[in-house]
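**Q** What follows is each chain in one-letter form.
Number of protein chains: 2
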Amino acid sequence: MTTMYQQQTVAIDRVEQMVSRLKKSDHRITPQRLAIFKILANSVGHPSAEAIHGALLDNHPTMSLATVYKTLTLLKQEGEVLELQFSDLGNRYDGNKPYPHPHVICTGCGTIVDPSLLDLDDITKKMMNETGFKIVAHRLDFYGICPECQKNG
Amino acid sequence: MTTMYQQQTVAIDRVEQMVSRLKKSDHRITPQRLAIFKILANSVGHPSAEAIHGALLDNHPTMSLATVYKTLTLLKQEGEVLELQFSDLGNRYDGNKPYPHPHVICTGCGTIVDPSLLDLDDITKKMMNETGFKIVAHRLDFYGICPECQKNG
DNA sequence: ATCGAATGGATAACTATTCTCAATAAGAAG
DNA sequence: CTTCTTATTGAGAATAGTTATCCATTCGAT
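Those protein sequence lines, which keep their order, are chains Z and Y.
Using my numbering, you'd call the opening residue of the first sequence number 725 and step up by one each time.
Using my numbering, you'd call the opening residue of the second sequence number 725 and step up by one each time.
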């Protein structure tokens with residue numbers, strides 16, 4: 725109960741965050757964009773653009789896949805969604821935690837899980853010292869077989 | 725001098741490694757494959773399939789891009805090359821260190837650098853305990869602006 | 001209400017990668 | 001060294017995810 729309620733609260737906050745961020749950068753809040761925000765804020769997995777589009781078709785039958793992509797591009801620009809690039813799975817999107825964080829990916833079924841956060845600040849600083857790069861983001865992915873696939877395999 | 729010599733030695737070892745691995749799995753060693761092995765073993769960067777193909781055209785004018793992709797797929801299967809998936813940059817390949825390791829990627833020009841190795845074994849174990857996954861690989865990427873782009877930007 | 005700019009939808013275009021298949025060549029056997 | 005079997009090559013077609021284009025629509029400030 726409490727968990728559900730908090731989950732919902734968090735999701736609403738995320739939508740509000742996206743809305744205010746886009747307003748601040750002089751973009752319009754359209755019904756289509758709002759619908760995409762809600763999907764992103766409520767999805768626990770890491771949906772693809774096509775999955776987002778599919779989930780929207782029930783209530784928005786005319787929603788175009790192009791609109792989904794355009795909105796995702798916009799959210800990326802504003803730092804309100806994290807894009808995970810996979811050339812085999814297709815790109816996946818995380819609207820709940822738009823900041824860099826670790827992922828655990830099943831090489832059997834493509835499930836993507838968020839483990840508890842890991843502090844990489846120290847390592848990031850070392851990387852900057854060693855390479856001279858000005859590091860602004862990171863990506864840490866672990867690949868393996870999820871419990872479900874271990875059973876079925 | 726010593727550095728050059730050792731570099732060369734390492735590269736030759738890598739080619740030999742790839743050859744023996746493919747022989748062991750009953751694959752033929754063709755001139756095309758050997759040429760691709762050499763490129764991979766000698767490249768310090770992280771070339772794309774197209775870059776590898778381009779580098780081969782001098783000595784192998786009829787080399788097909790499909791052959792490059794097929795050979796990369798084979799080397800991936802045998803664990804002799806590491807594929808870094810980027811949907812924007814295109815995939816990149818590391819034939820020198822085919823095991824998971826950190827990368828530092830310039831978001832300006834796409835340069836990819838290998839910092840000194842970082843031990844992630846402890847973290848990997850924690851991930852397995854927390855998620856129940858059987859983790860077999862990982863990927864750690866830092867994104868930032870390289871020194872060259874900092875000068876020009 | 002009107003005007004100009006931003007947005008949405010449909011579809012074409014693009015690009016990296018994979019697939020197809022006839023011709024070729026690697027490697028084993030004699 | 002020659003032959004045979006079969007994996008591999010090369011060229012181009014096919015595929016899939018993403019981006020670009022175009023025009024109609026909508027938003028929102030005046």
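Simulated from the structure, these hints should not be mistaken for laboratory data.
Any given hint might turn out to be false.
Same chains, same label: a pair holds when it works inside one copy or across any pair of copies.
Stated by the list, open to error - List of simulated lysine-lysine pairs, DSS-like, C-alpha gap at most 25 Å: (1) 875 x 850; (2) 748 x 850; (3) 858 x 875; (4) 748 x 794; (5) 850 x 794; (6) 849 x 762; (7) 849 x 821; (8) 849 x 875; (9) 849 x 794; (10) 821 x 747; (11) 800 x 762; (12) 849 x 748; (13) 849 x 747; (14) 800 x 821; (15) 875 x 821; (16) 748 x 875; (17) 747 x 800; (18) 858 x 762; (19) 858 x 794; (20) 858 x 800; (21) 794 x 762; (22) 748 x 762.
**Q** All hints are to be evaluated individually against the structure, with a verdict given for each.
**A** Going down the list of hints, with the structure as the test:
{"no.": "1", "hint": "875 x 850", "in the structure": "between (40 Å within a copy, 21 Å between copies)"}
{"no.": "2", "hint": "748 x 850", "in the structure": "neither (35 Å within a copy, 40 Å between copies)"}
{"no.": "3", "hint": "858 x 875", "in the structure": "between (44 Å within a copy, 12 Å between copies)"}
{"no.": "4", "hint": "748 x 794", "in the structure": "within (18 Å within a copy, 48 Å between copies)"}
{"no.": "5", "hint": "850 x 794", "in the structure": "neither (36 Å within a copy, 38 Å between copies)"}
{"no.": "6", "hint": "849 x 762", "in the structure": "neither (35 Å within a copy, 35 Å between copies)"}
{"no.": "7", "hint": "849 x 821", "in the structure": "both (22 Å within a copy, 23 Å between copies)"}
{"no.": "8", "hint": "849 x 875", "in the structure": "between (40 Å within a copy, 20 Å between copies)"}
{"no.": "9", "hint": "849 x 794", "in the structure": "neither (34 Å within a copy, 39 Å between copies)"}
{"no.": "10", "hint": "821 x 747", "in the structure": "within (20 Å within a copy, 46 Å between copies)"}
{"no.": "11", "hint": "800 x 762", "in the structure": "within (16 Å within a copy, 39 Å between copies)"}
{"no.": "12", "hint": "849 x 748", "in the structure": "neither (31 Å within a copy, 43 Å between copies)"}
{"no.": "13", "hint": "849 x 747", "in the structure": "neither (34 Å within a copy, 43 Å between copies)"}
{"no.": "14", "hint": "800 x 821", "in the structure": "within (12 Å within a copy, 32 Å between copies)"}
{"no.": "15", "hint": "875 x 821", "in the structure": "neither (30 Å within a copy, 32 Å between copies)"}
{"no.": "16", "hint": "748 x 875", "in the structure": "neither (48 Å within a copy, 31 Å between copies)"}
{"no.": "17", "hint": "747 x 800", "in the structure": "within (15 Å within a copy, 46 Å between copies)"}
{"no.": "18", "hint": "858 x 762", "in the structure": "neither (34 Å within a copy, 33 Å between copies)"}
{"no.": "19", "hint": "858 x 794", "in the structure": "neither (28 Å within a copy, 36 Å between copies)"}
{"no.": "20", "hint": "858 x 800", "in the structure": "within (20 Å within a copy, 31 Å between copies)"}
{"no.": "21", "hint": "794 x 762", "in the structure": "within (16 Å within a copy, 42 Å between copies)"}
{"no.": "22", "hint": "748 x 762", "in the structure": "within (19 Å within a copy, 53 Å between copies)"}
When each numbered hint is compared with the structure, violations occur for hints 2, 5, 6, 9, 12, 13, 15, 16, 18 and 19.
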